[in-house]
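2 protein chains.
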Amino acid sequence: MFVVKVDGRARRARCVLATVALVAAGCSGRGVPDPAAVSDGRAAGASPASARAAADPLPSWNEGAAKAAIVAFVERVSREDGPDFVPPGERIAAFDDNGTLACEQPMSLQLAFALDRIHELAPEHPEWRTREPFKSVLEGDSKAALAGGEAAAAELIAATGVGTTTEELNAIVTRWVLTAHHPRFGRPYIEAVYQPMVELLAYLRANAFKTFIVSVAGADFMRPWSEDAFGVPTEQVLGSRANLDYEVRDGKPRIELRAGVERIADKAGKPVAIQEQIGRRPIAAFGNSDGDIEMLEWTTSGSGPRLGVIVHHTDVTREYAYDRGSATGTLARALDEAPKRGWIVVDMKQDWKIAFPFEQ
Amino acid sequence: MFVVKVDGRARRARCVLATVALVAAGCSGRGVPDPAAVSDGRAAGASPASARAAADPLPSWNEGAAKAAIVAFVERVSREDGPDFVPPGERIAAFDDNGTLACEQPMSLQLAFALDRIHELAPEHPEWRTREPFKSVLEGDSKAALAGGEAAAAELIAATGVGTTTEELNAIVTRWVLTAHHPRFGRPYIEAVYQPMVELLAYLRANAFKTFIVSVAGADFMRPWSEDAFGVPTEQVLGSRANLDYEVRDGKPRIELRAGVERIADKAGKPVAIQEQIGRRPIAAFGNSDGDIEMLEWTTSGSGPRLGVIVHHTDVTREYAYDRGSATGTLARALDEAPKRGWIVVDMKQDWKIAFPFEQ
Chain A
44 MFVVKVDGRA RRARCVLATV ALVAAGCSGR GVPDPAAVSD GRAAGASPAS
94 ARAAADPLPS WNEGAAKAAI VAFVERVSRE DGPDFVPPGE RIAAFDDNGT
144 LACEQPMSLQ LAFALDRIHE LAPEHPEWRT REPFKSVLEG DSKAALAGGE
194 AAAAELIAAT GVGTTTEELN AIVTRWVLTA HHPRFGRPYI EAVYQPMVEL
244 LAYLRANAFK TFIVSVAGAD FMRPWSEDAF GVPTEQVLGS RANLDYEVRD
294 GKPRIELRAG VERIADKAGK PVAIQEQIGR RPIAAFGNSD GDIEMLEWTT
344 SGSGPRLGVI VHHTDVTREY AYDRGSATGT LARALDEAPK RGWIVVDMKQ
394 DWKIAFPFEQ
Chain B
44 MFVVKVDGRA RRARCVLATV ALVAAGCSGR GVPDPAAVSD GRAAGASPAS
94 ARAAADPLPS WNEGAAKAAI VAFVERVSRE DGPDFVPPGE RIAAFDDNGT
144 LACEQPMSLQ LAFALDRIHE LAPEHPEWRT REPFKSVLEG DSKAALAGGE
194 AAAAELIAAT GVGTTTEELN AIVTRWVLTA HHPRFGRPYI EAVYQPMVEL
244 LAYLRANAFK TFIVSVAGAD FMRPWSEDAF GVPTEQVLGS RANLDYEVRD
294 GKPRIELRAG VERIADKAGK PVAIQEQIGR RPIAAFGNSD GDIEMLEWTT
344 SGSGPRLGVI VHHTDVTREY AYDRGSATGT LARALDEAPK RGWIVVDMKQ
394 DWKIAFPFEQ
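Sequence order for the protein chains is A and B.
So the number in this note's numbering is just where the residue sits in the first sequence, counting from 1, plus 43.
So the number in this note's numbering is just where the residue sits in the second sequence, counting from 1, plus 43.
It is possible that some hints are incorrect.
[Claimed, not checked] Using 25 angstroms as the maximum straight-line C-alpha spacing, the simulated SDA-like pairs for lysine to any residue come out as follows:
#1 A:Lys392 to A:Tyr363
#2 B:Lys295 to A:Gly385
#3 A:Lys253 to B:Pro131
#4 A:Lys253 to B:Pro382
#5 A:Lys295 to B:Pro382
#6 A:Lys310 to B:Val304
#7 B:Lys295 to A:Ala381
These are calculated hints, taken from the structure and not from any lab test.
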C-alpha cells in the first residue's frame, strides 16, 4: 500500500535484492537462517555462520583484513556456546546512509532530489525566479545555488516537502529514485548503491541481526526506497525529521510536513535518534564520515563484542576518492581515531571487487 | 544486555509469554507460523489462520461478536489468494498501553512508579518536604498530590527521570515493575496486564503481523518490560519522549534524560508518532479511551481491510468499570463514534473469560 510501484522497476529492484538475500541466507528462501542448515552446522560442531561462509555471503568483497574482521565478529556473536554469544534480539546493526550505503557525490541524494523538484514546482512559485537559492537552481547553476552551504541546502530541501502529505511525498520520491539518473553513472539513483554493503546487510540479517539505517537525510525521503534498495523496512529507517501535523481535511485524515525540522540525525543526534527509536544500543555500526563518530563511539563503547566500521572512499576510478578535504562527507577525525578505537577502515579500492551492482 | 534481570522473575515472565506464543503459533516453537502447518492448511483448501483457529489461539476470549470480528479480519488479510490479502510487511498493528494492555486504575503505571520513586529519591531532595506536589506524596496523601491534575502528574514523572541515563532508568524500572505490587490485586505490576490482549498480540504475530505499542507513557518507561510482558521488543515501543542528551563524561559516553518533553504520544500525537517511527499506516489499532481516537481514525481510514478495536471497561468484579465519567481513561466520544465508524467494542465482562494471567 505504501510503496508506489512505477512501471515495474521497483519490483525488479526487489527481485535483485531478494536474490542477494537468498545467497546470504544459504538459499533458504527466507531472511533468516534455514533451520536445517543451522542444525547441520551444530551437528558438525561448526557455527551456523561458518557453515554458511563456505558459500561466501560477501562475494563482492576481496579477501583481506576488513572482510575477515567483519566475518569473525558475526561468527563470534552467533556462536551459541561461545563466550561472546549475543541473543538475536540484541543483534542491532546501525548504518549511515550517505556515502556508506549510497553514493553521496557529487551531492547527497536528497539534495539532488530537491534540485530536480524545484524545477517541477517552479510554475507554482513565480517568486523563485528572483530569489536565491532558487533563482540559481532554476538557471541551472547548482554551484551558485549551493554557495550558501548547509543553510541553502536545507532551504531547498524544506521547499520540496512543506505542505505535502507523507503519502504524497512517498509517491514523488519513489518515482524520482527510479527514474532520475546519476549524472556520472547514467543509472537510476536507486542503483547507485554499494553492492558490497547490500551484501553485508543481507549477511547480517541472515545471521539474525536487525539492520537499521540512521541517516542525516529525512526519514520520509529514505523510506520509500529503503526496502527495495537495502531490504530495510520503513520502521527500521531513522532519519532527520520534519515537523509533522495530523489533521482531518474534508473528512479525510492526513499527515502533512510542516516548516521546521524536529530532529537532525547527525553527530550526537545519531545516538540520540537510536535511543529514541530503537531503545537499545547497537552492537555494530557503519559510517563513512566525521558525522558518524558519535554513533560509532556509542556503539563500540558498550560491553561485550562490538564492531565499528568506516567506509573510506579511495577509488577514484570506480567511484570517488575523498576524505579530509571534502565538503561532502568529510572524513578526518574519525580516520585518526579509528586505530585507537579499534574501528575497521574499509579501503574501497582494495577491499571491494566492485562498487555498484551495475558493474556485475 | 539492556534488560536487567532481577532474581529470575523476568525470565519466568518471559516463559509464560513464550507458552502463550507457542499456543497461538500452533506449537511451532517460533513466533511465526510453522511452515508445515501452513502447507497443510493450504493443501486442505483452508487458510493458515483458520487451520490454526481450531486450536483456539484466543482461549481467554469468550465466543462472541468481538472475537469473531477479530479472527475474521486476521483470516481475510492472511489469505494469499483472497481479495483482501495484505503482504506480511504491511501487517502493522498498533496498541495503546494504559487501559488497553495493562490496568490503568487506580492510576497509570508510570504515575504509580513516580510516586514510589519520589520516596526513594526524597533523601537527596530535602526541598520536597515543603514543596507540592512532592510534600503530599511524601506524607502519603497521593490524592492531594494529584489534585493539580495532569500538570502535577507530569511534574512528578519528570522528577523521577531527569538526570538519569536511559540505561540507569531501565534498571530502576525493571526492578520496580517486578517487585512493586498493584494495590488491589497484590501482584507485581508486570502481572497486572490483560491475558486476552497478551494472547491477541501473540495471535497477530503468529499471523505475520508486527505489533507496536503506542503509549502516552514514556518510551523509556515502557521498554524495560514490554518484551517480557507483551513480546514487543524495544524498537516497537513508541511513547512520549523526554529530551535526551548525548555526552561523553570521564571518557564514557552516556545518554541522559533532560528536563522537558519532546513529544506527547496522545490524541493527534499518536498518528504523528506512528508516522515518525513506523513510517507506514497500521491496518489494525487497539485503544480504550478518547486519547486513542486519532490513532483509530488514521488506521481505519486507509484503503483495504482495516480493524479498529476499543476495549470497554465493564467488569467491576474482576477489574474496574469506567468510561464517560472517569478522570483516567475517559471513554465518551470514541464510544459514540464506534458504531458509525465500524470500530469493534470489546465488553470486558462479556467478551473475556479472565482479565489477568493470575486468574488462571
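The hints, checked one at a time:
no.: 1; hint: A:Lys392 to A:Tyr363; in the structure: 10 angstroms, holds
no.: 2; hint: B:Lys295 to A:Gly385; in the structure: 16 angstroms, holds
no.: 3; hint: A:Lys253 to B:Pro131; in the structure: 17 angstroms, holds
no.: 4; hint: A:Lys253 to B:Pro382; in the structure: 40 angstroms, violated
no.: 5; hint: A:Lys295 to B:Pro382; in the structure: 18 angstroms, holds
no.: 6; hint: A:Lys310 to B:Val304; in the structure: 21 angstroms, holds
no.: 7; hint: B:Lys295 to A:Ala381; in the structure: 17 angstroms, holds
In terms of the numbered hints stated before, the structure departs from hint 4 and from no other.
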